[in-house]
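A.B. asks: Residue numbers (my numbering), protein chains in the order written: chain A, 1 to 414; chain B, 415 to 657; chain C, 658 to 824.
Hints are supplied without guarantee of correctness; some may be wrong.
[As the list claims (entries may be wrong)] If you only want the chain B side, here are some residues facing chain C, beta carbon under 7 Å, derived:
1. T455
2. E457
3. K548
4. H549
5. A578
6. G600
[Claimed, not checked] What follows is a list of derived Cβ distance ranges for each label pair:
7. B:A540 with A:V119: 26 to 36 Å
8. A:L37 with B:A540: 38 to 48 Å
9. C:D707 with A:E154: 29 to 39 Å
Think of the hints as simulated: they come from the structure by calculation, not from any bench.
Bear in mind that the values here come from a model prediction, so they are computed numbers and not experimental data.
Built from N, CA and C at the ideal position, the CB exists for glycine as well.
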Amino acid sequence: MTAKPQLRALEGRSGGYYGLLGILVVAIGLGLLAAVLKSTHGHHITGMDNQIVWGLPHVFAIFLIVAASGALNVASIASVFGRTIYKPLAPLSGLLAVALLAGGLAILVLDLGRPDRLVVAMTHYNFKSIFAWNIFLYTGFMAIVLVYLWFLMERRMNGYAPAAGMLAFVWRLILTTGTGAIFGFLVAREAYDAAILAPLFIAMSFAFGLAVFLLITLAAYRWSERPLGDLILHRLKNLLGIFVAAVLYFVAVYHLTNLYATRLHGVEAFLLLGGGVYPLLFWVGQIVLGSLLPLALLFHPVWSRSRKVIATASALVILGGLAQLYVIIIGGQAYPMDMFPGLEVSSSFHDGVVAPYTPTLVEFLLGIGGVGLALFLVVVAIRFLHFLPVSLADHKVDPHHATRADTGTASAGT
Amino acid sequence: MSQKTSAPLSRRQFITGAAAAVASVTVAPGVFLMRPAEAGTAEGVRWGLLIDSNRCGDCNACVTACHEENGVRGMDRPRTDAQWIRKVELRDPETGYSHSLPVMCQHCEHPPCEDVCPTGASFRRADGIVLVNKHTCIGCRYCMMACPYKARSFIHETLTDQAAHAPRGKGTVESCTLCVHRIDRGERTTACVEACHEQGNGAMIFGDLNDPDSAISRELAEHGGTAIRADLGLNPGVRYQGI
Amino acid sequence: MLRGKSPARAASRWLVLGALPLLFLTACGGSVEPPPMMEARGDQCVEPLDVIRKDHGKLLMHERDDAVIRAARNPDHSFVGCIDCHVATEARHTEPETHFCASCHTFNAVRVDCFQCHRDRPSESEYLHTLNPHAPGVDFAWDTDHRGVAANLAEVDLLPPPEAPKP
């Protein structure tokens, strides 16, 4: 690998580009509208109540935050693990990490009961709270990745990139552990209070982040008509398959361990069998559509050569991830708290009964706004700055590839 | 890239300048002034409640009194209306035995809500009362996720006509204050306990758990009392008999 | 027209860019009527006028932490005390012309969020009165048409639903 990868900004003058920007601006506007409505009228216009305190906006927000830390993976593989083949993609990977995190944090802040008190949140810290640590972890992550991006893209600072990449990699592992610990540290609810939630979230971040990265890369190269070779796609899709399998492993261990404890049979039966929408989302959304089907698609020797299939698999992983977070966050709250083991409980405060939850449009729009913000930042950045490699054709990515026996990795159509 | 001095700022220079400006503005968030005034709480006191659920029956006097005292009104939206205290009906499916008891914030010695609050708004006072400092509450509801007793409520709408001694507002979290406004005025009873006595059930006692001569401590020493979810090790200040 | 290097251009640049702010400044300065100061009850304010005018924000912000977290309540600087003396019973913070605090704060565009949580007028129940020594006494003639808190609650029916009959 002798030639330096060439990165150049997009032309960005086509109708398609402006159309995409317009859609994303509308999405951000809808999110802001939802935030203003919620701020004026209070949370009673949402579906969240005193039983389900975190709802659909948090599903979106935590997905974006988890995906953000995972999106940095490609850059980490290049800088930390020395795989030079991924070096051209490292800036895009860093950009995605920052943008997705910004979108997720925007949703979280706008959903606060008192978003006008953000300054209070930034100046008063209770360091026993994982939330307080997360404030530092998230903002620190953004700062570190921005510095890392600078090192990657400023030629005279390139020498420091591996060090920054290592720091970013370790930081994001701590950050994702912190995100999983938000739930893992809660003793009150039976679906939480498990140490395995931290590594589960790390595995999820690997899978979701790479799925988002793949989709955005495929879209960016297709719509800007820059060459994208199969070699790098092949490696990335294999990685995605491995990560999806890792998530499956942690989910299996989590549930099997819970099933061993008699006191947890109630919540497991609720989440896996009789809880209505939650078992549906778990089995159909998370397991079949979000894990097994993508695994089949990504590891199939023939199907996985098609870009449509890779894109579909990535999209399924994302949908499965949203379903998974819905089950974890909302399903975990819906199951009644076991204050009096063995007794039937009822009260005016909805103790002892499964809490129903119907997401409202306001919550959905807030989530969409965050997604829109993240994508908007990416779309604008690749237009004005040199994030996107000019060519990821096979011979550019790996100059020695042509000398190896060509085993039929030629582009098998789109 | 040497240019004439009137060349426009290059993209790189603009970003560097902007980044430097943002970084310098973000430095050093506020200095939190620690002004330790002498505590107004009585020394070494731990306020608590003892509730004999065998005497509760169908009565709701404690609930009505608490909500009246603190200006907690329903908005006809049961799922989002705040409740500082509620009567919980328990029934043993094996034996058919049923009884009820009031559940409110248990004022734990090691409150999970205090542990998880990012701003420290949820805190435990020196005299054992767990409160929400609504000046710093940002409404993230993490304490509501963490409370093992589902004691906390979030205010989902704009409020008017609050009680003067019990400020409550949209976007913050609240729970039973153990009638801290009464205690700080020197009264030694809460609204729920007072109402229970007036009703004639006498199921609730309020007092200083650290004082071995107080009524609550003597009752606990003679007849015992347990905590809900005692296995969590939170050492609540609210104890029950008959659960 | 102002770009370029000649001395004439430089001079006119200075003139325009320097004169403009001065022009704007001269446009200000016409005095605007502040809102009328409302009459207060009680015998006197807890602090001298010049102190309370300048520092009431500081007093309230710094002492509220003492009050809430450390239970160190200073009766002289009680916020409820301010309201009891200064705010009329029919005032609302959403109508600045009626409300003592809101009138000046709206005029000066200094946003305060106290009344999102705090009651914005004196309490209806006399016995829950402040400890403020300068406050009106318990026999002060409160608004005759104020309803008790209990009457309000009875109207909106807060009670939880009746318990299920025992088996």
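A.B. asks: Take the hints in turn and mark each one as holding or not.
C.D. replies: Hint check results:
1. T455: T455 (chain B) check passes; min Cβ-Cβ to chain C is 5 Å, inside 7 Å.
2. E457: violated (12 Å)
3. K548: holds (5 Å)
4. H549: holds (6 Å)
5. A578: The hint holds - A578 (chain B) has a Cβ within 7 Å of chain C, the shortest such distance being about 4 Å.
6. G600: violated (10 Å)
7. B:A540 with A:V119: 26 to 36 Å: holds (28 Å)
8. A:L37 with B:A540: 38 to 48 Å: holds (41 Å)
9. C:D707 with A:E154: 29 to 39 Å: violated (57 Å)
When the structure is compared with the earlier hints, violations turn up for hints 2, 6 and 9 and for no others.
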